[in-house]
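Student: Chain by chain, the residues:
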Amino acid sequence: MKSYRTRPGRLIGKAILALAGFLAVFPLVWTALNALKNNVDIITRVPRVVFTPTLANISYILGRDSVITGLYNSVVACGAAVLIGVLLGLPAAYAVARYPNRWAGDIQFFVLSLRFLPPVAVAIPLMVIWLQIGLYDTLPALIVTYSLLTISVIMWLAIPAFQAVPKEIEEAAFVDGYGAYSVFWRIALPVAARSLIGAVAFSFVLVWNEFLIALMLSSSNAKTLPIVASELSQQGMNVPWGILNASVVLLSLPPLLFLGVLSGFLNSVFRQKKT
Amino acid sequence: MSAIVCSHVDKAYGATSVIHDLNLAIEEHEFVVFLGPSGCGKSTLLRMLAGLEDISGGEVSIGGKVVNDLEPGDRGIAMVFQNYALYPHMTIFDNIAFGLRRQKVPAPEIDKRVRAVAATLGLEPYLGRKPTELSGGQQQRVAIARAMIKTPKVFLFDEPLSNLDAKLRNHMRVEIARLHQSLKTTTVYVTHDQLEAMTLADRIVLLKDGKIEQIGSPAEIYERPANMFVAGFIGTPNMNFIDVAVGRKDACWTLTGAGTVFSIDGSRFDLQGVSRAVLGIRPPDLKTAGAGEAGNLLQGAADLIEFHGNDALVTFGTGSKEISALVPTRECPARGSGIRYTFEESRVHLFDAASGVSLLRQ
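Protein sequence lines correspond, in order, to chains A and Y.
If you use our numbering, the first sequence corresponds to residues 1 to 275, in order.
If you use our numbering, the second sequence corresponds to residues 1 to 362, in order.
It is possible that part of the hints are untrue.
Partial list, derived from the structure: chain A residues whose beta carbon lies under 10 Å from chain Y [to be verified]: (1) 106; (2) 166; (3) 171; (4) 174; (5) 178; (6) 179; (7) 182; (8) 186; (9) 191.
Hint data in this document are derived by calculation from the structure and do not stem from the laboratory.
Treat the numbers as computed from the prediction; the structure is a model and nothing was measured.
Just so it is clear, CB atoms sit at the ideal spot from N, CA and C, and this is done for glycine as well.
Bound-form chain Y, shown alone (with noise of 0.2 Å):
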């Protein structure tokens, strides 16, 4: 049975629509995470879910129960927020406990709970102070212990880590991995960073203006991105689209853009009847050709070069389009010297032009 089911869900303040129709099921134990620019609904579903925004249109359905109309605290959902909203007049043992003792819990074991909730998040030695004499990320493990105690049917998640710093962030991540792994606890997380989104999910929601672009696996998403937009989205740097035009020659197909001509075989793309496409390439998967290779090259003078570490971004133009390869260090030209990328053609994605669609058969 399905832990959340979202069944045509709409809302709207007034007449501005912010989510349309949306549908959407999440098994038991999953961990799975909203992902799209800001102002793409991803927390207002969330919020939804948690009850502190009411539902328009549709139905909402937690643990096989329609929660349209309950109150958050009714709905067995705990949640965590991005700025950790703990009670600023309240202990950090309080806080923590503040969830319990509405539940009318016997004292002795709210204490109990409380200090098994704080020794596995590392609180102990605070669990006597307010939350602004503790750091950003010891205030956040707190809203996490505070959702954990009351062992919810659903966690929920709301960009929980975009106010701490790079460092600590990644350290957070681990640990909210770590603690999925150890609770199974169904997760709904919201983040706009697609590292995050890529790491923790078990499945990726897409969202673009309130409407779902992809479900799918973080492999999927990425190998197979469902049109322009997830494409463009997911992964770091960003894919290379090139305008082709679509023609047939003997046995292969031709795509005509950047002044070169590429020929593929074609046999994983649905190309029949389509004229103008997109052609999608990552920059990883571009190749330094080796001297004999004269298909499907990519050449150019090398115009910017962003060092990585292990890899450097080589930035060049080739016809009017500016193309990125992320090559080995030790491959990188130098600034201004001519270079010759080439691809494999399974790493080639193609999207109908008109609609962005991905041209891949399923």
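Pulled out of the complex, with its shape left as it was, chain A reads as follows (with noise of 0.2 Å):
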């Protein structure tokens, strides 16, 4: 009897789940499919499923010097501020969150009010400060101004990571004659890495995808891959729809490979013998 009254409720979710992970990936499927398509093929009024598919949006992305050196850009600036974001904020969130001392608290407020301000805000005076310097439309500008956002982010993300870290597991390591930096090294890090992984893939992913202060520190050698993509619909009336989808197909590889490479690292760390 029970389980016939609970069918409707069940099929009712099924269903919503189901419209929404179509909902999101419905439009990555079509982008990608747009990306593959002459142009001919993506603005007719019937939405065409079976076409003539052509590499030449690829290759026209793939050949264009701006596209490829954003590229570059991007992988290095992001690459870099995830990077100083790990080596930098993962300590200090292990600080923050196993020997806090009276500013713990106002750090942490601290670390997300770096987020609260929309980007504007910070934009131009970040640019006025990188002319000033001597650095603006460079990576190093915009590998430092990156590094903020990611130190922020994972440090917010890391401390209740860390904090869910059991407390006596450390101190067997401690009883054990470990240093507080061993401990860190081979407790704390390997049993919060679960958490930690996402709260990196976030911060890579946040910035990766990153166009207003992008936009506002580069003039033409730091432009990042956001900028060029979003510089392919400048080109006149008619819009190359199909370059377009390929660009945005390019702008999504690099974060699903990270995840990847990401996660495949954490099923090996976790892989679980099976008893």
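Starting from the two chains in their separate frames, assemble the complex, guided by the hints.
Tutor: Structure follows, in structure tokens:
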């Protein structure tokens, strides 16, 4: 009786889930398909699922120097910023989580407050600062600016992750003779790794997709991929949809690869033995 | 030489004093249990011995060396935690070997020693597994193995059995006792379970509010409790307390309370100048009185009867007081029937009514 009564609810639940999944995945699929279409196939009234694929859009994208430079800039700027965020943010988060002093609460709030401000508010001062220093439109300027974002995001997400590590486990390691740094490295990091990797991936996606600050801090040399991709649509009345879609695909690949590598690493570390 | 000496040890968190002027010497090879209600500071004291809590004042020495400022790893101790605290990302082998790796013990020797310890504790089949794949009892055994392998000067146990179910707890208790018999390592064991304390300890340190109430062998603490707190804390079912007025009649002392006048010879007690006292008698020490017996009677109607198996706990009211008696089941009265219980004077405890201190002569 009971299962009969719960069945409609489950059906509705599954339907909602399927709809949500479809809404999330379909635009991606459609974008990928459009990247392989000629413009004629894209702007028809009736959407075409069956068409003659072409690699013209993709080869056009990959053939342009500005795209390759943008890709290079994005990878270097985001990679370096995430690396700095990990190197500085994780130890800082651990210190706040495990050795809180009377400023620990303020530090946490300050870190979060970095994300309160609309990027516009900081973009203009940052632009002036980098102009004054003479590093405007360079990768170092972008890396340092992005590091502020990655450090704050990683810290904010890693503090609770470290707090969730049972204290006794670390104490057991102290009793086993290890010092504070070894305990961080050999116990806290691996135990919290699952949540930490989420934090790192999130910070990467955040700066990878970042548009406004990159727009303000670059004029020609240090343009990142989102800027370059947006410029592709500014070529007069005739919007090259296929090329745009291809650039979006290119833009989405690195974060996916990054996540794939990270989760693969995670699975290898935490592979459960079959009992 | 004593293995552990605490002299004038204090612990305070800000203005709150947790442990105050505590003095204690633990002998080599001794099994000492810190026992007390929760919040009495027993775990804090243990963690101070381990070096996981700062010592606010006084001195702690282990093996003749003052360890106040030594890191936990340099104190020659090993600790077993209540929730096992195994490293979840390591195999059982690595968990046990972790401490030795720190000491730069060569790999073949680590392997040999881990296997030896694992064999002692029956952990060999699990060495390749992760902690989450083991049951609670097995995890606790791994925690013990991890402590054992370092051959420490002192074992510290922080309520190691309280996360296990009752049956497993009994089993592990026996294992710990056996382990101590074979290793003879000085052991400090914290628990709130008096059964664990009574069965394991060479000496019990009974703590309350950061102060030592009594130190003694389990028998001493049970037979000669130093004050009412100890008397009430140790022994299940709890000791009966009856407020009495002390008087003198001929060669005897009279104790008047609970609607009765008890008469005792009183030579064991220091009753001079005491007017009000508390009489303590343990439930198993109450015996069904024969028809002819007239002295030291507790009478009433059986109110509540709890069947324990061999024994039954009979609760009855006498005067305004609830008294419990543990009697053999075959002597168990029917509920509501009248009962008469008596006791031998040698089983009586007397405490000063004001201070609660035992009036027993030293």
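Student: Next, verify each hint and record whether it holds.
Tutor: Checked hints:
no.: 1; hint: 106; result: 20 Å, violated
no.: 2; hint: 166; result: 7 Å, holds
no.: 3; hint: 171; result: 5 Å, holds
no.: 4; hint: 174; result: 5 Å, holds
no.: 5; hint: 178; result: 6 Å, holds
no.: 6; hint: 179; result: 7 Å, holds
no.: 7; hint: 182; result: 8 Å, holds
no.: 8; hint: 186; result: 8 Å, holds
no.: 9; hint: 191; result: 6 Å, holds
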